[in-house]
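Colleague: All chains, please: the whole structure from these sequences, using the hints.
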Amino acid sequence: MYALLSSIPYWGQTLLRLLGGAVAVLLPAGTIVYLFLFKMMSFMQSRLGPMEAGPYGSMQLFAEVGKWLQKEDLLPERADSFVFKIAPLIVLSSTFLLVAVVPFGPDAWFTNFEAGVFYALAVSSVSVLGILMAGWSSANKYSLLGGLRAAGQLIAYELPMILAVVGVVIQAGSMNLQNIVVAQNAGSIFGWDGLGNPYLLTQFVGFIIFMIAVQAELTQTPFDMPIAESELVSGYMTEYSGFRFLMFFIGEFATAGVFAFIASVLFLGGWGVPFSWFGWAGINDVDNWMNIGGPLIMLTKMLGLVFIIMWVRFSYPRFREDQLQRFAWKVLIPVSLVNIMATSVLKVAF
Amino acid sequence: MVAQNIAFGIIAAIMVVGALRVVTVNNVVHAALWLVLVLAGAAAQYVLLTAEFVAVTQVLVYIGAVMVLFLFGTMLTRAQLGKEKKLNNTTWYLGIPASLLLLGVMIMALTSSFGNEKLPTNTELVSTQEISDQIFGPYLLPFWALSFVLLAAVIGAIVLARKD
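From first to last, the protein sequence lines are chains A and B.
The opening residue of the first sequence carries number 857 in this note's numbering; numbering runs sequentially from there.
The opening residue of the second sequence carries number 111 in this note's numbering; numbering runs sequentially from there.
Since the hints were made in silico from the structure, they are not lab data.
Just so it is clear, the structure is predicted and the values come from calculations on it, not from any experiment.
Hints may be right or wrong, so weigh each one.
Unchecked claim - Subject to a maximum C-alpha distance of 25 Å in a straight line, what follows is the list of computed SDA-like cross-link-like pairs (lysine to any residue): (1) A:K941 x A:G913; (2) A:K997 x B:T184; (3) A:K1203 x B:L260; (4) A:K895 x A:F1099; (5) A:K941 x B:M185; (6) A:K927 x A:R1182; (7) A:K941 x B:A129; (8) A:K997 x B:F180; (9) A:K1186 x B:A129.
Modeller: Below, the structure is given as structure tokens:
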């Protein structure tokens, strides 16, 4: 597989990577919106959800996109037009940059970054910039308040997220996501290698903290203070319409998918199956079919994790602003620091 | 190395334009956004030097945290839309000799210590492990000193923020 890929010229590989990246961002986003936002939410509220477009409303998504594309691209009169127009692009491009480090199979990766996890955390923090720009440039008090709330929240929850990942990095001994996948699937639990060693078991605290931080980074309920519709209309997105609103919308759900990909790589073993099942010793022994099977396994794990995110979203009421900040600084950060200490002590001891 | 040199030139030109716009633009938020461009350019230069860890740190710390806090602070206090008058200090021209002096000192220092030295053409990636070995080896004392400065800053912030 790798030999086949290397025979393609560099520009061809780049084109393929761009295409693959677009698929890896847009396919999960569409699936999440249809499965969870349209159908699961409706079932939890005892209604059917969209049923008209296509069988069981499965074409609803295309109808929605068509509707948004037809709408006028509105610009408030006193808005700062350049910053206003570029803001959704920055939010969306941070999602596309984020997917670049996720490995989907032994050879199915976009880039094999040495500092993969670190890069993912850095790039995800760029979207805050786009949100602040959107909030400020809209010339609207609700938008500005929403942008400021979002910035405060995202800064606060970025820290526990980084600290939760540190535990995994210590245990795997690498920041490369591919190496983290291999370390989990080639590992063993006290000599028994039937399951590999998914870090969900040893880093359970880190997993919980990471998922809470992801929920907050995505501004999903109960952390939806920045777009609280009962107080701020729609926060920093208030003035956006048509295609630019669609970009924010895609960005929100695509980022949910990509963060779920990263979480499944860090804690659930990523694309791999335990290597002992097929007698593989390391990454070089892995059979070629894993380049097809890996992405499917990743997709399944991603859907499972997004299911949890959405389940929480549709179940809980919103945090108050002070509760939200206190929870990050006084609960999550100390707990994740203790987790790091415990992990490093155990790493040295074993 | 030709491609790297061309890329360096383009990125450097963008950074210079961005840096000039930071001080000439008539809007605080626009100035901050131009500064983001300059810092992103620095990160791109680090990538060209195959120092990916430093580049990622640049993005995480400067763009993701420092600039976001800058913007957060200005938007909380005063960040009006449109052009703002009297944004420039009246004694701004005093900065010109100071910056020229800094430029001269840096050129002197760089040429006298590196001179005709060239970057190795066959550049290997600097691994994160090497960086951490360096930080926790020969550079341990400066690292501790920096941590101490940061600790002092944190305590200072707490003292300022306390109400009692």
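Colleague: Are the Cα positions of K1186 (chain A) and A129 (chain B) separated by 25 Å at most?
Modeller: With a Cα-Cα distance of about 39 Å, the restraint between K1186 (chain A) and A129 (chain B) is violated, given a limit of 25 Å.
Colleague: Assess, step by step, whether the Cα of K941 (chain A) is no farther than 25 Å from the Cα of G913 (chain A), and give holds or violated.
Modeller: violated (32 Å)
Colleague: What's the verdict on K941 (chain A) and A129 (chain B), does the C-alpha distance respect the 25 Å limit or exceed it?
Modeller: Holds, at about 23 Å.
Colleague: Given the hint that K927 (chain A) pairs with R1182 (chain A), test it: the Cα-Cα distance must not exceed 25 Å.
Modeller: violated (41 Å)
Colleague: For the pair supplied as a hint, K1203 (chain A) and L260 (chain B), confirm whether the alpha-carbon distance does not exceed 25 Å.
Modeller: Distance of about 28 Å is beyond 25 Å: violated.
Colleague: CA of K941 (chain A) to CA of M185 (chain B), is that 25 Å or under?
Modeller: holds (19 Å)
Colleague: Is K997 (chain A) within 25 Å of T184 (chain B), Cα to Cα?
Modeller: Given that 25 Å is the threshold and the Cα spacing comes to 15 Å, the pair holds.
Colleague: Keeping to a limit of 25 Å between CA atoms, is the pair of K895 (chain A) and F1099 (chain A) held or broken?
Modeller: holds (24 Å)
Colleague: Quick one, are K997 (chain A) and F180 (chain B) close enough, alpha carbons at most 25 Å?
Modeller: holds (19 Å)
When each numbered hint is compared with the structure, violations occur for hints 1, 3, 6 and 9.
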